[in-house]
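**Student:** Below, each chain spelled out in residue letters.
Protein chains: 2
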Amino acid sequence: MLRQLSTRHIGEVRIVIDLTSMSRPQSVAVVGASPKPGKIGHTILGNVISSGYKGKIFPINPKEKEIAGYKTYTAVSEVPEPVDLAVIAVPAARVLDVVRDCGQAGVKSLVVITAGFKEVGAQGLEMEKQLVESCRKYGMRLLGPNVVGIIDTHTPINASFSATFPQQGEIAFLSQSGAMLVAILDWSASIGIGFSKVVSLGNKADLSEIEFIEDAAADPHTKVILCYIEDIVDGPRFLDVASRASRKKPVIVIKSGTSQAGAKAASSHTGALAGSDLAYDVAFRQCGILRARTMTELFDLAVAFAKAPVPKGNRVAIVTNSGGPGIIATDNVEAKGLQMASFDKATIEELRANLPAEANIYNPVDVLGDAKADRYKFALQKVCADPNVDSVVVLMCPVGVTEPIETTEALLEMRQSFPEKPIFAAYMGGETLAGGAAMLAKAGVPCFTFPEPAIASISGLVRYNEVLDVPKGNGNQDLANIDRKGVKAIFYDVIKDNRLVLLGSEATEIAKCYGIPAAPVVLATSPDEAAAEADKMGYPVVLKVASPKILHKTDVGGVHIGLNTAEEVRHAFVEIMENVHGYMPQAVIYGVEVQKMMPKGTELIIGMTRDIQFGPLIAFGLGGIYVNLIKDVSFRLARGLTAREIEHMLRETKAYTLLRGYRGEKPRDIEALADTIRRVAELVNDFPEISEMDINPVFAYENGLSALDIKITIS
Amino acid sequence: MLRQLSTRHIGEVRIVIDLTSMSRPQSVAVVGASPKPGKIGHTILGNVISSGYKGKIFPINPKEKEIAGYKTYTAVSEVPEPVDLAVIAVPAARVLDVVRDCGQAGVKSLVVITAGFKEVGAQGLEMEKQLVESCRKYGMRLLGPNVVGIIDTHTPINASFSATFPQQGEIAFLSQSGAMLVAILDWSASIGIGFSKVVSLGNKADLSEIEFIEDAAADPHTKVILCYIEDIVDGPRFLDVASRASRKKPVIVIKSGTSQAGAKAASSHTGALAGSDLAYDVAFRQCGILRARTMTELFDLAVAFAKAPVPKGNRVAIVTNSGGPGIIATDNVEAKGLQMASFDKATIEELRANLPAEANIYNPVDVLGDAKADRYKFALQKVCADPNVDSVVVLMCPVGVTEPIETTEALLEMRQSFPEKPIFAAYMGGETLAGGAAMLAKAGVPCFTFPEPAIASISGLVRYNEVLDVPKGNGNQDLANIDRKGVKAIFYDVIKDNRLVLLGSEATEIAKCYGIPAAPVVLATSPDEAAAEADKMGYPVVLKVASPKILHKTDVGGVHIGLNTAEEVRHAFVEIMENVHGYMPQAVIYGVEVQKMMPKGTELIIGMTRDIQFGPLIAFGLGGIYVNLIKDVSFRLARGLTAREIEHMLRETKAYTLLRGYRGEKPRDIEALADTIRRVAELVNDFPEISEMDINPVFAYENGLSALDIKITIS
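If you're matching them up, the sequences are chains Y and W in order.
Under the numbering used here, the residue at position 147 of the first sequence is numbered 161, and the numbers go up by one with no gaps.
Under the numbering used here, the residue at position 381 of the second sequence is numbered 395, and the numbers go up by one with no gaps.
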């Protein structure tokens with residue numbers, strides 16, 4: 015219900031959000047502005063003023079005539095000019111009145127700083143609902159409640175109670191935790207990280223990370239979008255927006271509440287409903303979000319993207335004045351899935367001719383401990399110019415003759431000459447290298463103490479290449495032979511029958527409707543019918559009792575395998591019915607399923623589980639009875655699943671090695687497999703009532719597949 | 015050859031190394047001392063003097079009478095008093111003469127700073143050999159050549175050319191890279207990390223990390239031992255020494271050259287022969303070394319061990335003034351294999367009674383954004399006193415009312431009141447929290463910006479508990495029924511026959527000699543003999559041609575399975591011989607192996623591969639033809655393999671889940687399996703000529719095992 019306001023789909027037309035009145039307002043009212051230092055309304059007004067905001071400022075306080083030299087009004091509706099943005103910092107009990115007043119005054123956007131809503135329980139939740147309804151009624155967009163506020167360094171405006179107004183930069187930072195945001199601003203000021211925008215998301219009653227990601231993606235001052243989030247409320251819309259944003263600029267997310275214990279803390283903290291972490295992982299990946307695992311990684315990546323170009327490829331060159339750190343860096347290049355660049359012959363010849371004989375002229379290039387700036391510069395120049403090099407890491411240890419300042423100057427020169435290649439530095443030392451490191455920081459070249467985070471940053475940049483490398487459109491051709499009506503007809507029967515678990519024969523029929531190559535399974539209600547069906551499908555066949563209540567069919571004598579003649583089938587039918595009646599006289603029996611026994615192929619599983627946030631997740635991997643033990647399974651969201659993603663999905667598994675032909679075996683029909691996975695995805699996308707689906711095993715052959723044992727559960 | 019000097023085993027008596035003359039010498043000669051600034055001999059002499067060294071100092075320089083106020087001698091042999099340590103910094107060509115002179119003068123220890131030995135090629139290697147021989151002749155121990163030197167802050171002495179003399183501390187740091195060592199000293203000085211000893215290992219011609227680990231383990235000023243190493247030369251002795259040292263104090267190693275590319279760099283850098291990384295991983299773990307993966311982790315762990323107690327267990331409490339960071343910390347606790355502490359009822363009641371209603375009184379404890387020092391103190395006090403809490407992490411965000419200094423004082427008070435529980439801090443901010451952070455640093459409480467490294471450090475401390483938890487002795491009972499003579503007799507035949515690969519029947523015989531439950535395999539040379547053997551072992555049997563040259567026995571008609579009578583066996587024997595003669599008329603055939611077909615059990619593998627550094631590595635895991643695909647295998651060194659380690663080894667695998675009884679199956683005979691693994695380890699330890707061994711599959715039953723298809727290769 016609450017989310018309707020922010021879901022502005024009208025038919026097929028998507029209305030792009032316009033948050034201008036929030037981040038670049040022409041005029042701002044501060045409701046609850048106060049002349050008393052220590053009051054939050056005092057801080058906010060002071061911040062708006064001191065941030066250099068150039069629009070009109072209207073303090074609102076019924077008891078004051080003037081605050082900080084600004085004429086003060088009793089209510090927003092008393093302000094004689096239009097108000098774009100109202101920042102509200104009055105006690106919770108008064109917020110609804112203020113909001114109504116703002117609405118009547120034609121205010122466009124609200125930032126509700128005040129806490130005491132959803133996060134304090136049922137009464138607060140009710141108040142928050144009314145708050146949203148009021149905003150909707152008047153067509154106002156709402157940030158909050160329970161936020162620190164919003165900052166835009168390029169407007170500029172600090173509409174928050176953060177004591178720190180950050181320096182201008184290219185990073186937009188959205189945070190669901192207000193204290194975290196305040197902490198990060200304090201920290202970043204001391205180490206010189208700048209921001210374009212900083213948004214405290216709070217209770218996300220109306221606007222959430224979704225709108226601000228979209229807004230930041232369109233913002234020319236923003237190069238990279240960072241989010242700290244604890245939950246996502248509207249999974250599908252998040253995916254939509256994030257997919258488009260991540261193709262424009264990197265979106266880096268740290269999502270907390272990943273652990274079971276963490277999820278508990280998340281729900282007691284914000285009342286958020288945490289999705290399973292696997293689904294987040296898969297969803298982020300599929301929509302091109304780079305997921306950071308630690309705060310350090312989040313900001314290392316942010317700085318990398320803000321300051322360095324994205325390299326063309328994953329080939330890294332290392333230039334060092336010491337072997338040890340060079341080896342560590344080399345280890346890390348491999349550990350992070352990057353590649354040590356192989357230099358051109360010309361590069362090697364030049365290095366050989368001009369560096370000392372003991373220098374290592376291959377990658378990592380060791381210019382030796384006695385290298386001064388000129389030798390570093392020469393090596394750097396050659397390495398940067400090499401077409402086989404995509405990015406460069408410069409390592410420096412402060413041995414006696416090192417020239418940190420001059421070497422840094424050479425590095426910065428190369429940075430200018432090769433703007434398309436990222437150069438990162440690891441200056442391993444303290445005071446001795448501090449001057450050089452400061453020069454790099456000032457010039458926007460990321461500099462670390464140790465090599466590992468430099469390599470990790472490059473790896474992050476390279477990962478973004480994969481995001482950019484996605485072809486436009488989903489690359490899928492429409493699927494032929496889909497019979498939606500057929501599926502609906504089966505579900506109609508199941509629902510009328512008041513069942514949640516489909517019979518094997520029903521699940522098989524559904525699979526067939528979507529072109530999934532299911533092995534024949536037919537429900538028979540008499541020995542003769544069973545025999546006739548078996549004759550039709552061909553021998554050998556299996557007979558299984560069909561009864562939703564009987565879970566362990568073998569235990570009640572409900573299964574006969576390897577039947578080769580009509581006579582055997584008839585006999586088995588009778589025996590099964592007798593057995594089951596004997597064991598479970600009260601079980602409702604629908605009949606007996608006749609299933610064709612298929613030749614054994616490579617044993618796979620295709621399955622689906624539904625995530626509360628992101629919808630159906632498709633699983634693929636090694637099948638059989640050990641599937642939960644071996645855990646060779648990869649996942650993707652069914653939503654928008656492309657042929658390309660399916661290919662990646664297959665490649666991630668060990669099963670893929672089998673499919674390509676393992677130990678001299680012939681390759682399996684990978685094309686048919688990919689097609690079947692797409693059809694399963696289509697099926698579960700089309701029918702949200704399917705809550706779970708398992709096909710285990712799927713037999714893959716040299717030509718084609720057989721889907722056996724299809725289980726479908728609906729809700 | 016080179017290593018003999020450092021391997022001082024006389025019979026069974028182990029001589030503990032005494033490096034007193036190197037790290038606490040009574041007198042020092044600096045050979046190559048120079049009055050000229052910029053000369054390395056000038057720097058070293060200056061460092062010895064300025065470090066506050068209290069022993070006698072003798073500069074050696076034939077051209078000078080006096081340097082820096084010290085009487086200068088033409089040669090060490092001219093010094094009229096005994097010289098404990100000579101630091102040599104003369105050109106490489108002169109080193110051997112100087113060393114001889116030192117030997118004749120009765121010098122006890124040498125530090126050869128000079129480079130230009132093994133690392134520059136064959137000629138240098140030859141010179142290095144002579145250097146070692148000269149040292150051995152005169153009974154001198156040698157550090158180097160090609161080192162920065164050695165520092166002991168408690169002697170104190172700086173016998174190195176490092177510009178930085180570190181502050182006193184509890185960390186011993188051994189580095190195979192000199193530049194890395196210089197860099198770390200420079201860096202640590204700027205952030206306030208102190209050291210007990212710093213040793214540059216250089217070419218390790220005589221003394222290596224082995225002796226210095228042993229020395230540091232015995233040093234009362236050292237609490238934790240850090241090593242940066244690129245290779246280990248004497249694996250078994252390293253294991254011996256490290257196993258003993260790690261039980262006295264933590265030994266943390268960063269081993270570079272782990273990647274394939276890294277290993278290449280390592281060998282071009284130091285001429286080191288890098289062992290496989292897997293073997294290092296297994297070896298470090300088995301001898302109680304904590305392996306750091308990054309430089310940051312190395313030093314975070316070092317500081318943690320130097321400053322904090324090792325907690326009793328893995329239960330962590332978190333106290334925070336902000337929800338977000340609390341959730342991040344909670345996520346990390348789980349990700350690092352730690353546990354969120356569950357508080358006592360009394361603790362919860364006290365927190366509930368005294369904290370605001372909105373505070374989270376469960377773990378993580380959220381004292382809320384408006385918490386001042388008193389509230390932090392109250393919560394900390396209760397949490398620290400809780401018997402279910404082993405360690406505590408304090409998180410602080412600089413929200414308006416936070417009292418960083420007073421809160422830090424409270425934290426330090428708790429540190430004093432609960433000395434057995436480590437307290438770590440993450441102060442998320444910059445300038446605002448800098449004062450508090452500085453107080454913590456001074457008091458030796460590790461303080462980070464973000465929560466993750468605090469949790470990682472605690473996880474490191476907890477890992478050390480597992481090292482300490484190893485029972486004395488290996489806990490193994492002697493193995494019964496070992497017939498070494500029988501094995502020797504078989505190898506005698508194989509060697510005489512000039513083969514490297516054993517026949518199946520031979521491998522089976524060897525297994526039986528060590529009590530490994532091998533399925534019967536017997537070589538028969540006639541149809542009657544085959545039939546007689548089959549009668550003896552029982553049916554069904556398999557017949558396989560025995561010929562080392564025939565790899566694919568099935569392809570040449572060399573295998574007959576499922577034989578149930580003597581007549582079938584006789585017939586199969588003849589047919590196999592005819593087939594093989596037909597396909598490969600020139601193959602040498604030893605006969606036909608009769609193998610009893612065993613009932614199928616859980617399919618496992620037990621194998622062995624030999625590492626160049628650490629000797630045989632035992633592998634255990636899921637067996638069968640997909641063993642290399644599934645890769646469910648754990649490894650241990652065979653050397654000193656204890657029953658306890660075997661148990662861990664089993665538990666690490668998915669196979670273990672099957673063995674305990676999966677999906678309602680009966681458990682398998684785990685005891686017999688552990689016994690068999692021990693017997694395989696004993697066998698490969700006893701016979702170094704076994705270069706590879708594979709038993710795949712091993713069938714595990716409810717009672718007992720069957721080892722099938724045993725392959726043994728010798729070298």
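One or more hints might be untrue.
Below, computed lysine-lysine pairings styled on DSSO-like, alpha-carbon distance capped at 27 Å [said to hold, decoys possible]:
| # | chain 1 | residue 1 | chain 2 | residue 2 |
| --- | --- | --- | --- | --- |
| 1 | W | Lys326 | Y | Lys614 |
| 2 | W | Lys680 | Y | Lys645 |
| 3 | Y | Lys668 | Y | Lys350 |
| 4 | W | Lys359 | W | Lys326 |
| 5 | W | Lys680 | Y | Lys386 |
| 6 | Y | Lys53 | W | Lys391 |
| 7 | W | Lys151 | Y | Lys668 |
| 8 | W | Lys456 | W | Lys510 |
| 9 | Y | Lys614 | W | Lys668 |
| 10 | Y | Lys77 | Y | Lys50 |
| 11 | W | Lys386 | Y | Lys50 |
| 12 | W | Lys645 | Y | Lys680 |
| 13 | Y | Lys668 | W | Lys645 |
By construction, these hints were calculated from the structure, which means they are not laboratory data.
Note that the coordinates shown come from a computational prediction; the quantities given were computed from them, not determined experimentally.
**Student:** So, for every hint listed, does it hold in this structure?
**Tutor:** A quick look at each hint next to the structure:
1. Lys326(W) / Lys614(Y): Judged against 27 Å, a Cα distance of about 54 Å means the pair is violated.
2. Lys680(W) / Lys645(Y): Roughly 22 Å separates the two Cα atoms, so the pair holds.
3. Lys668(Y) / Lys350(Y): OK: Lys668(Y) and Lys350(Y) at ~20 Å, within 27 Å.
4. Lys359(W) / Lys326(W): holds (21 Å)
5. Lys680(W) / Lys386(Y): violated (70 Å)
6. Lys53(Y) / Lys391(W): Holds, because 26 Å separates the two Cα atoms, which is no more than 27 Å.
7. Lys151(W) / Lys668(Y): violated (59 Å)
8. Lys456(W) / Lys510(W): It is violated: about 71 Å lies between the C-alpha atoms, which goes past 27 Å.
9. Lys614(Y) / Lys668(W): holds (25 Å)
10. Lys77(Y) / Lys50(Y): OK: Lys77(Y) and Lys50(Y) at ~12 Å, within 27 Å.
11. Lys386(W) / Lys50(Y): Status holds; Cα separation ~21 Å.
12. Lys645(W) / Lys680(Y): Distance of about 22 Å is within 27 Å: holds.
13. Lys668(Y) / Lys645(W): holds (10 Å)
Hints 1, 5, 7, 8, counting from the list given before, are not met by this structure.
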